[in-house]
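Chains as they are written, first to last, in the numbering used here: chain A, 205 to 379; chain B, 13 to 299.
Quick caveat, the hints were computed from the structure, so don't treat them as lab data. Using N, Cα and C, we set each Cβ at its ideal position, and we do this for glycine too. A few of these clues could be false.
Some but not every residue of chain A turned toward chain B, in silico, with C-beta under 8 Å [as the list claims (entries may be wrong)]:
| hint | residue |
| --- | --- |
| 1 | S210 |
| 2 | C242 |
| 3 | L306 |
| 4 | V313 |
| 5 | T328 |
| 6 | V329 |
| 7 | Y334 |
| 8 | M349 |
A few chain A residues that don't get close to chain B, going by computed Cβ distances all over 10 Å [unchecked claim]:
| hint | residue |
| --- | --- |
| 9 | G255 |
| 10 | Q339 |
| 11 | G342 |
| 12 | V343 |
Selected chain B positions facing chain A (Cβ under 10 Å, derived; list incomplete) [as the list claims (entries may be wrong)]:
| hint | residue |
| --- | --- |
| 13 | L21 |
| 14 | E71 |
| 15 | A80 |
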Amino acid sequence: MNRRFSDQLVAVLPRLRRFARGLTGSIVDADDLVQAACERALARQHQFQEGTRFDSWMFRIVQTLWIDQLRSREVRKEGEEIAEDRVGSDLPVRRIEARLGLEEVHRAVGRLPPDQRAVLLLVTVDGLSYKEAAQVIGVPIGTIMSRLARARLALQSQLAAGCGSAGRAEDAAAR
Amino acid sequence: MPQPADERLIAYLDGELDGAERREVEAWLAGDPAMRERMAELAATAALVRLAFDDVMHEPIPERLLAAARGETAPAGAGARVLPFQPRGTPAPTMPARRRRLMAPLAAALFGLLLGAGAGFYGAGGFADHTAEQSAIETAANDLWLDNAAGYFKLYQSAGDSGLIDVPATQDTRAALQKISQNLPAEVRLPNLKPWGLTFRGARLVVVGGRPAAQLVYTSTNKAIGDLNLIIGSSKQPDIPPTFARRQQVNLLYWRHQGRSYVLAGQADIGYLWGIANDIAWQLDAI
Numbered sequence: 205m206n207r208r209f210s211d212q213l214v215a216v217l218p219r220l221r222r223f224a225r226g227l228t229g230s231i232v233d234a235d236d237l238v239q240a241a242c243e244r245a246l247a248r249q250h251q252f253q254e255g256t257r258f259d260s261w262m263f264r265i266v267q268t269l270w271i272d273q274l275r276s277r278e279v280r281k282e283g284e285e286i287a288e289d290r291v292g293s294d295l296p297v298r299r300i301e302a303r304l305g306l307e308e309v310h311r312a313v314g315r316l317p318p319d320q321r322a323v324l325l326l327v328t329v330d331g332l333s334y335k336e337a338a339q340v341i342g343v344p345i346g347t348i349m350s351r352l353a354r355a356r357l358a359l360q361s362q363l364a365a366g367c368g369s370a371g372r373a374e375d376a377a378a379r
Numbered sequence: 013m014p015q016p017a018d019e020r021l022i023a024y025l026d027g028e029l030d031g032a033e034r035r036e037v038e039a040w041l042a043g044d045p046a047m048r049e050r051m052a053e054l055a056a057t058a059a060l061v062r063l064a065f066d067d068v069m070h071e072p073i074p075e076r077l078l079a080a081a082r083g084e085t086a087p088a089g090a091g092a093r094v095l096p097f098q099p100r101g102t103p104a105p106t107m108p109a110r111r112r113r114l115m116a117p118l119a120a121a122l123f124g125l126l127l128g129a130g131a132g133f134y135g136a137g138g139f140a141d142h143t144a145e146q147s148a149i150e151t152a153a154n155d156l157w158l159d160n161a162a163g164y165f166k167l168y169q170s171a172g173d174s175g176l177i178d179v180p181a182t183q184d185t186r187a188a189l190q191k192i193s194q195n196l197p198a199e200v201r202l203p204n205l206k207p208w209g210l211t212f213r214g215a216r217l218v219v220v221g222g223r224p225a226a227q228l229v230y231t232s233t234n235k236a237i238g239d240l241n242l243i244i245g246s247s248k249q250p251d252i253p254p255t256f257a258r259r260q261q262v263n264l265l266y267w268r269h270q271g272r273s274y275v276l277a278g279q280a281d282i283g284y285l286w287g288i289a290n291d292i293a294w295q296l297d298a299i
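So here's chain A without its partners, still in its complex pose (with noise of 0.2 Å):
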């Protein structure tokens, strides 16, 4: 067992976990692909390049073993066909208050295509640049660009509407 291998895991472990929340969206699927990733890592220390980033590396493995689940267990996608007829409505600002509701967050997250919902987490929730992600995801930048602007307008649309009858309400109210 390499030390310095298993510190480096251990330290992107935090990452991991919050990469592989946004796209199970469940704490025990996140944990169990987390821990099969690790799993995966130690089998395979011997490809990791050094002088590469460790952290894409393992992103890279978690976003690997999920499209693996998913294809395995022909996961729908569930938010497939969703946001599209949304995606580029012109909602006024008001609409995307979205009222700090977390869990309205990761509700619309989680009804992202999954292609979609990984570069959304690898780039605006891990701060990856578009070519760290497109290396961790394998395809091109562009691919990268359009998949995150799809996924950014979606997530707009839906938290927008997602304002609720509590918003109108209060709209209404304030007229």
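Given the coordinates of chain A, assemble chain B onto it according to the supplied hints.
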């Protein structure tokens, strides 16, 4: 010149455009209030998403994951038991249903808000070797906090009053601040900075360092002081005395006191900032 597509607006917010592309977007922003509003919406959404996943970083790492990372689990092949994806259980308590305005940055000025990488170090607490880790965490958190504060100041400078103020000063200021305070751990009080020639213009609810905060906006006709923001948030970190920093060409004087974080942001030099900070501290008993 065609209007930038959404992809480019988002790439601009993410700091992913080169100089020429950035200038092109900025030219559009300067002349198009609707686009500024759209940018603010996009930035607000991004800030919300980051905030939504911030809690995970503060959770203790389950022992089984630490063991797995150290290679102490069952041999490879046994693998982790991966349960079917399920809907979430009992939803976490949500914030009150009141709607809140979370206007967020619109320009490169706001790149600090998008520094998710800094926040990525938050949750490393709980490791065996704490000192270096903790130091890195605090540095990253501090950087994020200050970048956010500078970004919000520059946002207001770029956009002025146009829709960015949640609570204009023309309303009942006390009631307005109480309203904003409902989103914060403790009530925000308004320092009177008129003796400095500073006029309170209004307040906004913002997200600084991943936490809600109040941005109090003051303007001045005194060019030596200029416009000034006081950003008051909450913090679990230890108290620190007023400290000077500079981010994104913005002067900052920041301190933490009894669970609260304060940042004075503006173009005034350090002498003015010290004087004003002392005045604020005396009024708010903040230092």
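Check: Broken hints, numbered, in rising order?
Finding: The structure conflicts with no hint, since it agrees with every one listed earlier.
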